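Asker: Take a look at the letters that make up each chain.
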Amino acid sequence: MNTQPRASQLDDKTIGELREIAARYPEARSGLLPMLHLVQSVQGRITPEGIEACAAILDLSPAEVNGVATFYTMYKRHGVGDYHVGVCTNTLCAVMGGDAIFARLKEHLDIGNDEVAVQRQGDSRTVSLEHIECNAACDYAPVVMVNWEFMDNQTPESAVQMVEALRAGHDVSSTRGPRLCTWKEAERVLAGFPDGRVDEGPTAGTASLAGLEIARERGWTAPGPSAAPAKEAADD
Amino acid sequence: MTDPLTPVLTDLWDAEQGWKLATYADKGGYEALDVAFKMSPDDVITAVKDSGLRGRGGAGFPTGMKWSFIPQDNPKPKYLVVNADESEPGTCKDIPLMMGNPHVLVEGVIISSYAIRANKAFIYIRGEVVHVIRRVQAAVAEAYAAGHLGANIHGSGYDLDVVVHAGAGAYICGEETALLEGLEGRRGQPRLRPPFPAVAGLYASPTVINNVESIASVPAIVKNGASWFGAMGTEKSKGHGIFSLSGHVMRPGQYEAPLGITLRELLDLAGGVRHGHQLKFWTPGGSSTPLLTAEHLDVPLDFEGVGAVGSMLGTRALQIFDETVCVVRAVLRWTEFYKHESCGKCTPCREGTWWLVQALTRLENGQGSEEDLDQLLDQCDNILGRSFCALGDGATSPISSSIQHFRDEYLAHLSHGGCPFDPAKSTAWAGQEVSA
Numbered sequence: 015m016n017t018q019p020r021a022s023q024l025d026d027k028t029i030g031e032l033r034e035i036a037a038r039y040p041e042a043r044s045g046l047l048p049m050l051h052l053v054q055s056v057q058g059r060i061t062p063e064g065i066e067a068c069a070a071i072l073d074l075s076p077a078e079v080n081g082v083a084t085f086y087t088m089y090k091r092h093g094v095g096d097y098h099v100g101v102c103t104n105t106l107c108a109v110m111g112g113d114a115i116f117a118r119l120k121e122h123l124d125i126g127n128d129e130v131a132v133q134r135q136g137d138s139r140t141v142s143l144e145h146i147e148c149n150a151a152c153d154y155a156p157v158v159m160v161n162w163e164f165m166d167n168q169t170p171e172s173a174v175q176m177v178e179a180l181r182a183g184h185d186v187s188s189t190r191g192p193r194l195c196t197w198k199e200a201e202r203v204l205a206g207f208p209d210g211r212v213d214e215g216p217t218a219g220t221a222s223l224a225g226l227e228i229a230r231e232r233g234w235t236a237p238g239p240s241a242a243p244a245k246e247a248a249d250d
Numbered sequence: 015m016t017d018p019l020t021p022v023l024t025d026l027w028d029a030e031q032g033w034k035l036a037t038y039a040d041k042g043g044y045e046a047l048d049v050a051f052k053m054s055p056d057d058v059i060t061a062v063k064d065s066g067l068r069g070r071g072g073a074g075f076p077t078g079m080k081w082s083f084i085p086q087d088n089p090k091p092k093y094l095v096v097n098a099d100e101s102e103p104g105t106c107k108d109i110p111l112m113m114g115n116p117h118v119l120v121e122g123v124i125i126s127s128y129a130i131r132a133n134k135a136f137i138y139i140r141g142e143v144v145h146v147i148r149r150v151q152a153a154v155a156e157a158y159a160a161g162h163l164g165a166n167i168h169g170s171g172y173d174l175d176v177v178v179h180a181g182a183g184a185y186i187c188g189e190e191t192a193l194l195e196g197l198e199g200r201r202g203q204p205r206l207r208p209p210f211p212a213v214a215g216l217y218a219s220p221t222v223i224n225n226v227e228s229i230a231s232v233p234a235i236v237k238n239g240a241s242w243f244g245a246m247g248t249e250k251s252k253g254h255g256i257f258s259l260s261g262h263v264m265r266p267g268q269y270e271a272p273l274g275i276t277l278r279e280l281l282d283l284a285g286g287v288r289h290g291h292q293l294k295f296w297t298p299g300g301s302s303t304p305l306l307t308a309e310h311l312d313v314p315l316d317f318e319g320v321g322a323v324g325s326m327l328g329t330r331a332l333q334i335f336d337e338t339v340c341v342v343r344a345v346l347r348w349t350e351f352y353k354h355e356s357c358g359k360c361t362p363c364r365e366g367t368w369w370l371v372q373a374l375t376r377l378e379n380g381q382g383s384e385e386d387l388d389q390l391l392d393q394c395d396n397i398l399g400r401s402f403c404a405l406g407d408g409a410t411s412p413i414s415s416s417i418q419h420f421r422d423e424y425l426a427h428l429s430h431g432g433c434p435f436d437p438a439k440s441t442a443w444a445g446q447e448v449s450a
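Protein sequence lines, in the order shown, are assigned to chains E and L.
Count the first sequence with this note's numbering and you get residues 15 to 250, in order.
Count the second sequence with this note's numbering and you get residues 15 to 450, in order.
In short, the hints are calculated from the structure, not lab data.
Since we're looking at a predicted model, the values are computed, not measured.
Misleading hints may appear alongside valid ones.
[Said to hold, decoys possible] Derived pair list, reagent style DSS-like, types lysine-lysine, alpha-carbon separation capped at 25 Å:
(1) E/120 x L/353
(2) L/134 x L/63
(3) E/198 x E/27
(4) E/90 x L/353
(5) E/90 x E/198
(6) E/120 x E/198
(7) L/134 x E/120
(8) L/41 x L/237
(9) E/120 x E/90
(10) L/90 x L/134
(11) E/90 x L/237
(12) L/250 x L/237
[Unchecked claim] Short derived list, chain E residues pointing at chain L, Cβ under 8 Å:
(13) 51
(14) 86
(15) 117
(16) 152
(17) 155
(18) 156
(19) 163
(20) 172
(21) 174
(22) 182
(23) 183
(24) 187
(25) 188
Beta carbons are placed, not taken as given, at the ideal position from N, Cα and C, and that holds for glycine.
So here's chain E without its partners, still in its complex pose (with noise of 0.2 Å):
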């Protein structure tokens, strides 16, 4: 078996932590998913050095690798921007206003679907735009994600506000979740290496609530442990 990847831009600490994710695995294939996150985290990209070192740990072949790689969206062929904003256009949010969202982006950033906004003088900061599938957070229609964090309820002009205030570096933080990261260090944790973020953002977000606000108003319950018929039958 080989064990040492073939001429790569990786650097010995990406080649031992894509050898750890291997070793998180009864059978060590099982880590190539997460293992090419860490390839995007560290390269932004799917390159042929990251499928190869992937390849050599794997005991597979490039083409195997790279079959896999292929068939997932979040695997990218070129690069994307530090901030990656996916529009929901699946029908519930695109009749919500998620078409309205992806044109306004398109023409304000003046690209199409999956390129990378030019990045102005003046900007510290790149943005890409995709139209995305169902993320699950259809309560908050329509919705946007920035580098795979939700940005709820937006609105085209909120939309426009957001990637402007990310291309001017400014901090942003998703509307139920953590400030924004880049896309780069997004893909690390994807990867399985926390990077501290996660007690930031509340439990829950106001359209997770409605249900249990009313409960809470009318005092409704599941039945309480000590009302479980288990010794005596129910009373119906």
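With chain E fixed as given, assemble chain L onto it according to the hints.
Answerer: Same frame as chain E, but now just chain L:
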């Protein structure tokens, strides 16, 4: 008689730092673990069977029965895999659950793994939710530090390791065998069944795959008893479930209620359809469940009730659309989604979803003729039941159900020469526009 809403899994969501072990433990968290360890694994399976818990990921298969299919005389290791790949359009319950109360999932994983005699469990979370992954990673780390995971848990002699695994963007990985392929580091394409995962799943070993909400429901069942759970819900659909209201409703969000609640009751709680508008169509459980209309407001939202009107309870993802929404536009967009997410393994789905998009696009643009509707239904007929997995079946649901309920609206596109609707009227900010 139970209350209309029954917060169990959502009960911790309004707590300060609900994701912390200390918060969960204050509410009795990890006590169910000791109850379980005093029982034999088989007795835990029996308790979950007796509770009537059915899979909360959409299919509704009895959870305890699934566990009992694991052949304990098979010498290979057993595995538990949690399906946290929540991606079905409209479905948005597991994500807030893992964000706000990840420890109830972790405790459920431990008890469920103990029951099936697994010493290794995986939580496969879709990759596009970084903060949710942070919360689950931290919960697992806290559970290790507190001795709830690792070797000889609570002095029981039982060992369990849990790996949190991030996916990489593929709806198909919500299908359990495609998920296993992804977890083995391969393209996420479904496997032929049989053998079912209970016999040959992860690494060809006996494997249970359960939805997040199913596993998270286990601790309270073990702690409070099967009859406590069964006191909620209906005869064949027992217990509590999270109902997700989205779209044109005054107060969208998560409502945890006994199975069998109706959309009318839920809409009453949620303040109704947005003011000045009427319900036009809705999905009971995500885009793969056939559309329903206002005539179905009083259908009990349980597996039997929704099945009886020709749809499926699915994931209780109630997407509400009012009369401003063009059903053809809605269905075309879902169809484009299925086309994009088709894994390419089988011909009916790979080719069929492309055909469906072409036919629907023509109709939405007012081109073609009424015969195209029959051709569309014929295409659906060649996909439904002929695809390798449920993705192809699901792709046909919105089409055939929308033609059933709204045939005239399709025809209106033809007579109008295009879509007669104004999409601006459907947006969240419609009617609130201020002049620039």
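Asker: Next step is simple, just say for each hint if it's right about the structure.
Answerer: For each hint, the structure was consulted:
no. : hint          : verdict
1   : E/120 x L/353 : holds, 23 Å
2   : L/134 x L/63  : holds, 22 Å
3   : E/198 x E/27  : holds, 16 Å
4   : E/90 x L/353  : holds, 20 Å
5   : E/90 x E/198  : holds, 12 Å
6   : E/120 x E/198 : holds, 23 Å
7   : L/134 x E/120 : violated, 46 Å
8   : L/41 x L/237  : holds, 13 Å
9   : E/120 x E/90  : holds, 19 Å
10  : L/90 x L/134  : holds, 12 Å
11  : E/90 x L/237  : violated, 46 Å
12  : L/250 x L/237 : holds, 22 Å
13  : 51            : holds, 6 Å
14  : 86            : holds, 4 Å
15  : 117           : violated, 10 Å
16  : 152           : holds, 4 Å
17  : 155           : holds, 6 Å
18  : 156           : holds, 6 Å
19  : 163           : holds, 6 Å
20  : 172           : violated, 10 Å
21  : 174           : violated, 13 Å
22  : 182           : violated, 22 Å
23  : 183           : violated, 20 Å
24  : 187           : violated, 11 Å
25  : 188           : holds, 7 Å
Consistency with the previously given hints fails for numbers 7, 11, 15, 20, 21, 22, 23 and 24, ordered from lowest to highest.
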